[in-house]
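Peer 1: Go ahead and model the full structure; you've got the sequences and the hints to work with.
Residue numbers (our numbering), protein chains in the order written: chain C, 1 to 501; chain W, 1001 to 1501.
Quick caveat, the hints were computed from the structure, so don't treat them as lab data. Not one of these hints is a red herring.
Okay, derived cross-link-like pairs now, BS3-like style, lysine-lysine, Cα gap no bigger than 30 Å in a straight line:
id	chain 1	residue 1	chain 2	residue 2
1	W	K1108	C	K9
2	W	K1449	W	K1460
3	W	K1108	C	K4
Each chain, written out:
There are 2 protein chains.
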Amino acid sequence: MEEKLQQLKERLATIADLLRAGAVLGWDQQTYMPPGGVQARADQISTLQRLAHEYQASEEMGQLLDDLKPYEAQLDYDSDEASLIRFTRREYERETRVPGDLVAETAKTVALATQVWAKARKENDFASFEPLLSRVFELQIRWAECFAPYDNIYDPLIDLYEPGMTYEKVSAVFSGLKPELVALVAALSANQDAVDDRPIHQHWAQDSQLAFGREIAAALGYDFERGRLDLVPHPFTTAFSPDDVRITTRVDENHLASSTMGTIHESGHAMYDQGVSPALYRTGLDTGTSFAIHESQSRLYENIIGRSREFWRCFYPRFQKAVGKGLSKVDMETFYRALNISQPSLIRVEADEVTYGLHIILRFELENDVVNGRVKVTDLPKEWNARMEAYLGITPPNDADGVLQDVHWSFGYVGYFPTYLLGTVFSVQLWQQMLKDHPDIPAQVEAGKFETVLGWLREKIHRHGRKFTMPELAERVVGGPLDWQPYIAYLRAKYGEIYGL
Amino acid sequence: MEEKLQQLKERLATIADLLRAGAVLGWDQQTYMPPGGVQARADQISTLQRLAHEYQASEEMGQLLDDLKPYEAQLDYDSDEASLIRFTRREYERETRVPGDLVAETAKTVALATQVWAKARKENDFASFEPLLSRVFELQIRWAECFAPYDNIYDPLIDLYEPGMTYEKVSAVFSGLKPELVALVAALSANQDAVDDRPIHQHWAQDSQLAFGREIAAALGYDFERGRLDLVPHPFTTAFSPDDVRITTRVDENHLASSTMGTIHESGHAMYDQGVSPALYRTGLDTGTSFAIHESQSRLYENIIGRSREFWRCFYPRFQKAVGKGLSKVDMETFYRALNISQPSLIRVEADEVTYGLHIILRFELENDVVNGRVKVTDLPKEWNARMEAYLGITPPNDADGVLQDVHWSFGYVGYFPTYLLGTVFSVQLWQQMLKDHPDIPAQVEAGKFETVLGWLREKIHRHGRKFTMPELAERVVGGPLDWQPYIAYLRAKYGEIYGL
Chain C
1 MEEKLQQLKE RLATIADLLR AGAVLGWDQQ TYMPPGGVQA RADQISTLQR LAHEYQASEE
61 MGQLLDDLKP YEAQLDYDSD EASLIRFTRR EYERETRVPG DLVAETAKTV ALATQVWAKA
121 RKENDFASFE PLLSRVFELQ IRWAECFAPY DNIYDPLIDL YEPGMTYEKV SAVFSGLKPE
181 LVALVAALSA NQDAVDDRPI HQHWAQDSQL AFGREIAAAL GYDFERGRLD LVPHPFTTAF
241 SPDDVRITTR VDENHLASST MGTIHESGHA MYDQGVSPAL YRTGLDTGTS FAIHESQSRL
301 YENIIGRSRE FWRCFYPRFQ KAVGKGLSKV DMETFYRALN ISQPSLIRVE ADEVTYGLHI
361 ILRFELENDV VNGRVKVTDL PKEWNARMEA YLGITPPNDA DGVLQDVHWS FGYVGYFPTY
421 LLGTVFSVQL WQQMLKDHPD IPAQVEAGKF ETVLGWLREK IHRHGRKFTM PELAERVVGG
481 PLDWQPYIAY LRAKYGEIYG L
Chain W
1001 MEEKLQQLKE RLATIADLLR AGAVLGWDQQ TYMPPGGVQA RADQISTLQR LAHEYQASEE
1061 MGQLLDDLKP YEAQLDYDSD EASLIRFTRR EYERETRVPG DLVAETAKTV ALATQVWAKA
1121 RKENDFASFE PLLSRVFELQ IRWAECFAPY DNIYDPLIDL YEPGMTYEKV SAVFSGLKPE
1181 LVALVAALSA NQDAVDDRPI HQHWAQDSQL AFGREIAAAL GYDFERGRLD LVPHPFTTAF
1241 SPDDVRITTR VDENHLASST MGTIHESGHA MYDQGVSPAL YRTGLDTGTS FAIHESQSRL
1301 YENIIGRSRE FWRCFYPRFQ KAVGKGLSKV DMETFYRALN ISQPSLIRVE ADEVTYGLHI
1361 ILRFELENDV VNGRVKVTDL PKEWNARMEA YLGITPPNDA DGVLQDVHWS FGYVGYFPTY
1421 LLGTVFSVQL WQQMLKDHPD IPAQVEAGKF ETVLGWLREK IHRHGRKFTM PELAERVVGG
1481 PLDWQPYIAY LRAKYGEIYG L
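Peer 2: Structure below.
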């Protein structure tokens, strides 16, 4: 059996190397690749992914997993070996359930849809995108049908991005949260004059912004010996192993905080990947376990820590100095309030902590309605705008800033959006558990000390890599499932205070 | 048959993608990879190379090549299809002749040898490297024996780096050249006071050097839309497709020309790769055909053009301006002479045009003597120093600056060195042929116009990619084999004039 396990590990190492190599090529494409490289890069990445898939879905892999069943049954569920076999079996079943022609047609459709979407968004022309978007949803429905039986056809799609989650479980969180968020947004909206964010809209040179971002990331614990920061148009984090995890940022020279907050966000993702146990190296388990858990790390650092008074009490003097005279007469409290302004806005990626959740809930509801045939794709703009008005009190003036704003659906990512909010909700549960274990963490943050935070996350979350799903991690770390109540309480307390409710 | 050819092309595309992906990973490792990335990067590159080898040496590949034999026989030798099959068969035979255990042992040995060599060079301790170097030569001899019969066991090693060449053919060039070079070096050495290179040893800031290098590379015809320039410790050119060919440089802030001349050299390599016919994309033929032909391109641009009066008549005013006051009182002629100083020196990579050849001939002779058992590895330092004295009139004060200076042998590259000089020799033949076709090229260079040069090289050399070997290209382009006489005539004329012989 040891030999079979060894064979499995060797196959997994090959798959890992192929996928990681593809990630390096993707990073290069976003950062340094010259324009001429586009065609060859697409071919190269596609070949690496195809070979990885061939290894993952091969008969030999199925045979090995079958052979290892009795061995697996004797292992401790928490052990690296059992987790490895369990995880690989889940991936194998996903890779082999879907017929090749459906995979091929989806790939072709989304390649076209992404192009058409970009043009449609630019030209504010939903009608030109609608036929392809309908086709994408049809293909995603056919994909989901491969995983019958299920309670809701949306379930397999959600499970793809967030293993262990279902419509019902997500709904339990979002339906509790929604009326509370709508009420809080309305209350803040009624009190807009309480916060002035003009101090944050000032010029600050790119190089100085990047240097400050690097300083903050390093202070939080992001290891630059095992990573680096580069400029890109659309920031992301990518890992080539736990020892080479790279972050990216974009700089708006007329905004003092967007690049810094973005860098903190990506550092949160990156510290997760940097913290996976070396024992999981090259097994496919040596990365973050899911989108929601990843987002819980980035949001915890960006919002709960990075937008806190304690954090800025520590860093504001340095920040003031780095920015220069534009901030010399702005005190920390004024800056803190400007940084935490909350107001309904059209674009998800620019939304603040309070309004963000409603952007997600809207998409979750629409996805569920479309895949269940209750809303037609042609009606999406109308449905979108009605919900924006109902939840946030604003109506998009056009589809470009409404239903066309996100690239996800054109990629075929249906079921992905909920993970953003699930992660954000979980970040508050994690934070509260961390404070129970270490009540002095706010004082540590104010002193610029982040070792306890990172050490706790390493121990509870990071080191496990993909061994456990989000529901399993939640059970282990906070002793229960996702819970929206701490999250809304956190928002109410923080924003109630800022806005004087 | 069309179908078999299509199958072959698909396999070649997969192999090309794997090897090109490996090249991207190698480029990243040299340019931007953080220190922590080393281990995973070695694993990833090794996996990509292993998979490429598995495809190249597979039974299916052998079968396809067999099946295609009758088809190949009907094709025109010069056609893309015939060249593709011919080239692939040569690679297949090389990949399958050598037993796997020899390949594995060589890989292990050179990995260790490279580490030990680096330490030995640093500590000037040949004795510590000698056992591994002996082992490397033994393994290279065993490798060569797989390709029996041959006239000289050195032949298969030479053929690996320069297909179509043998000891006898190389020797025909080098043995004619050697006494002439020795005599020219002695004559110049006796007249050292004729050139003063102090004007070139001045401070010039890195950014300004890089900007000037980019300007020159672009003027020569290197396409930055399909490439880029980055800083590295050991400069190289690498291609991920003909549309993404990257160059690198290092900057010595206390030397005015080393980075610029290096950038011109790498641009010469890169324009070759950028000029391959699109019809050869992803076949494995879409890159330079051999090390010597590659070097003929880089040397033609670096030395024949880049170190000419015509070139600097065009660029010197801009160069003077870019460098600033250090050159304001140095006239072009003084700079031209300083740039072309020739004097015996210890280190090959720092050698000038005249002395360079003797560094290579020395290595060629020693490699031939070692693989034929006439010189023992333990005696290499003694043999090295004796030849340095005989050919260049100087004796290395230590092995670090003598027999230990190059990394090549520790990599197992025996038979590689000759290509540097073969390419340099060929560059002069190319240049003379080009001048026959376009006598006004020197005037064009002086006017900063390089389209005719590049167009001619594209037509005669670049577009063919790997379709033809160097001996084949020489026959097609200059109507005969490599000839050392134009080369020595070029050196004698140029340096005789500079040194007033």
